[in-house]
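Peer 1: Listed here are the chains, written in short residue letters.
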Amino acid sequence: MKLALYSGGHDFENIRMDEALLSMVGNKNPKVSFIPSCSYLSHVDFREYVSQYRKHRIKRFIHFPIDTSFSNVVKEEVFNGDIIHLSGGNTYYFLKHLRKAKMLGALKEFVKRGGVLTGLSAGAIIMTKNINTAGFPSFDRDENEDNVKNLNGMGLVNFEFFPHYKNSARYDKELLKYSKKSRNKIYACPDGAGILLNDGMKTFVGKCYCFFNGEKIVL
Amino acid sequence: MGQSQKKSKLSLKSYSKFDSIDGSHPFKKAVPEGFIDYPARIRKGGKLAFFNYALAKEMGLIPVSHPEKMDKELEKKVLETFGIVIINEFDQMNGRSFDKKDIKSGTYMATRYLQLQHEDKTGRTSGDGRSIWNGQVKHKGSTWDISSCGTGATALSPATSKYNRFFETGDPSISYGCGYAELDEGLSTALFSDIFHRNNINTEQTLCVIEYEKNYSINVRAHQSLFRPSHFFGYLKQGNYTNLKNSIDYYIDSRRADKEFENCPKGPKKYDYLLNYVCRTFANTTAIFEDEYIFCWLDWDGDNILMDGGIIDYGSVRQFGLFHHEYRYDDVERFSTNILEQKEKAKKIVQTFIQLVDFLKTKEKRPLGQFKKHKVLTEFESLFNERKNYNLLKKLGLGESAVEALLDKHISVVEDFRKVFSYFERAKSSKGLGRVSDGVSWDAIFCMRDLLRELPQIYLSREEHLNEAEFIEIIRSNYATQEDLEVNSYRKKKIKEFQELYSSLIELSCMEDGTSKEKRLLEMTMRSAVINKMERVTGDAISLIVDLVMKQRKKIGSDEIYKLFKKFSSFQTMDPSGQSLPNKKFWSSNLMRQFYEIVKERREGI
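Protein chains in written order, with the numbering used here: chain A, 143 to 361; chain B, 326 to 931.
If you are wondering where the hints come from, they were derived from the structure by calculation, not from laboratory data. Bear in mind that the values here come from a model prediction, so they are computed numbers and not experimental data. Incorrect hints may appear among the rest.
Keeping only pairs whose Cα atoms sit at most 27 angstroms apart, straight-line, the calculated DSSO-like set for lysine-lysine is [as the list claims (entries may be wrong)]:
| no. | chain 1 | residue 1 | chain 2 | residue 2 |
| --- | --- | --- | --- | --- |
| 1 | A | LYS250 | A | LYS344 |
| 2 | B | LYS925 | A | LYS238 |
| 3 | B | LYS842 | A | LYS197 |
| 4 | B | LYS595 | A | LYS170 |
| 5 | A | LYS319 | A | LYS291 |
| 6 | B | LYS342 | B | LYS487 |
| 7 | A | LYS217 | B | LYS818 |
| 8 | B | LYS697 | B | LYS595 |
| 9 | A | LYS217 | B | LYS821 |
Looking at chain A on its own, in the form it has when it is part of the complex (with noise of 0.2 angstroms):
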């Protein structure tokens, strides 16, 4: 299984995390899709987003929002590609849309295949057990406005996932006050950073946390 969390942040402060997860990809020439989540103005994340690989000599981009309407003979590209990332945005509108797409099955059988799935600050969010961490901090949390009451993820990996972590007191409260009632390890990722796992080894990219039981651990 190879799967990339990225937490967030500008391109340039994820260079780390895109060579690491470039070097799990076989094909010299793979062909990425990238799944917004929300296609509202979504070509511009998608223009961001290639200009961000085209550093790194990707060529083939495939766009596909699927809370609208989609063609499966690009769905089908899709999953017939390299990596496929899942964007940013709101997590609830997010899981909805690719639930109701039936896609979240679709996403695991390529994992299963060897595809490498990537996803950041939401999309990294979906792929763990549930989206719990995108409902706190207070300050700072996604809207759930679509009232999604089925909060589990993919469950790809054995943790949740916290991203634009800051390492401050108001952070961490909250973080440990979860921790408390989470089963689950709680990796918090500050922005340039993030995980990958290739086929059951896991790499922390730039300085990650570790929440569990009521502790904060620096990974």
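Fit chain B to the given chain A structure using the hints.
Peer 2: Relative to the frame of chain A, chain B by itself:
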């Protein structure tokens, strides 16, 4: 003097330009018989439903630094300037008296122009039936005409012509001719015209909408010259040389400050210059209408369109999601033209201008038919085709230099591609002609925008053509039945031809500028994702969005409507350069989210 008094004085001064909008207009002097002049009075009970700050700034009515927030002084100024009703023939014949302090000092013209719905057919009885011209303002070298719809029944309405009597403004027995306009039509026009304006489609723009009881409104429009071909065609039909010459001379002189007319000669050659301008304008405009699927009812009378090809009167204007080329608007007594007939009607307008210019130069009015083989009409055809070729290549997602190279060096491939593109674009459902909400239509079945959006990225991904089933899967719309999607041998041939020609265009463009195929396809993928975006508004969607706003009207003020419309229009700007992006926090408003869902749901409609 206290701070608040100072502020008040300053703002009053900064709104002083409104005072010049008092009904005066140079056309009155140029063509004294070209209008009926009406006194007017303040119409009480109005409140602002919409005010276009961006346009008001462009026109110099408010300072550029003015916040996009209504204040009492500005509102008062707008209501005093535009919240008026004419004192018409009915009022005068019935000896109605009005409070002197409510009577405006100026008089306001209802202009005469030709309209096919009038029996007279020569423009003697027709023109602004429920509108008056508020005046003209000049700012930074531009001249803006301003007119208002819903300011009372004039003697130029179809009702007066039909029943040979004058009507009281607001007479409930006669809807089309009572002189009032409605709030939903005002808001629809404000939104629709702003979307077109941002996409470089020439159009009237809404300056403000003033709301009155029973959802009536006054809808104020502005444009750099609100003259229509029909303003001149009436005099041509009547053979009235003097008024025709005066009105055309006025029009040319009034446009001299504009870039389009800066090289216009002074002598009689100015008429040839005008003719070439009209030919070019109408060839380009109708080509754009066709390719953007804009339905604008053009007819021989030269109404519903401005001299510069700008859209005016949004009552029947639509933007289709697919090429619904059999759609006709039902205007009760007649059906409109369809989108494909627009070109022939535009050509007829140009032919009428040939007749008009000939009349001006020779003082002899020759029959229109004598000009049907005129070289300007050949030029019209040529310009129309050139523009269609250009539009198609742009829609593919090619950049300007690649488009120019293909048009310059490989025109036969471009034209062959346009033919096969048209075959799919014009394919219709086996269901046949049927009723739709405001007319009749025969559904188109293929969504070319979807195909143009997906094709470059698929080719980039797989480097081989789609098979027939895949091609149909991408292009099919929700209007298509299984029968419509059958791939017979002819269609199979066309699918192959389409893809071969599409690939040839890409290869040729790469050959011309040395770009790699992968780079070109990626560039097209990104540009096409914007140009052919899935969520493009249709006429149906505009109606539903305005219905939604109307339902919420009590909760949202004019500033909020302005902001909503501005944000939505910005989202509808198909600018692949990405220079006009709205704020990404689209979801900040629940209403905006509902707009988005409407657009997605209605994207293939009319």
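Peer 1: Check the structure against each numbered hint from earlier and tell me which ones fail, lowest number first.
Peer 2: 4 and 6
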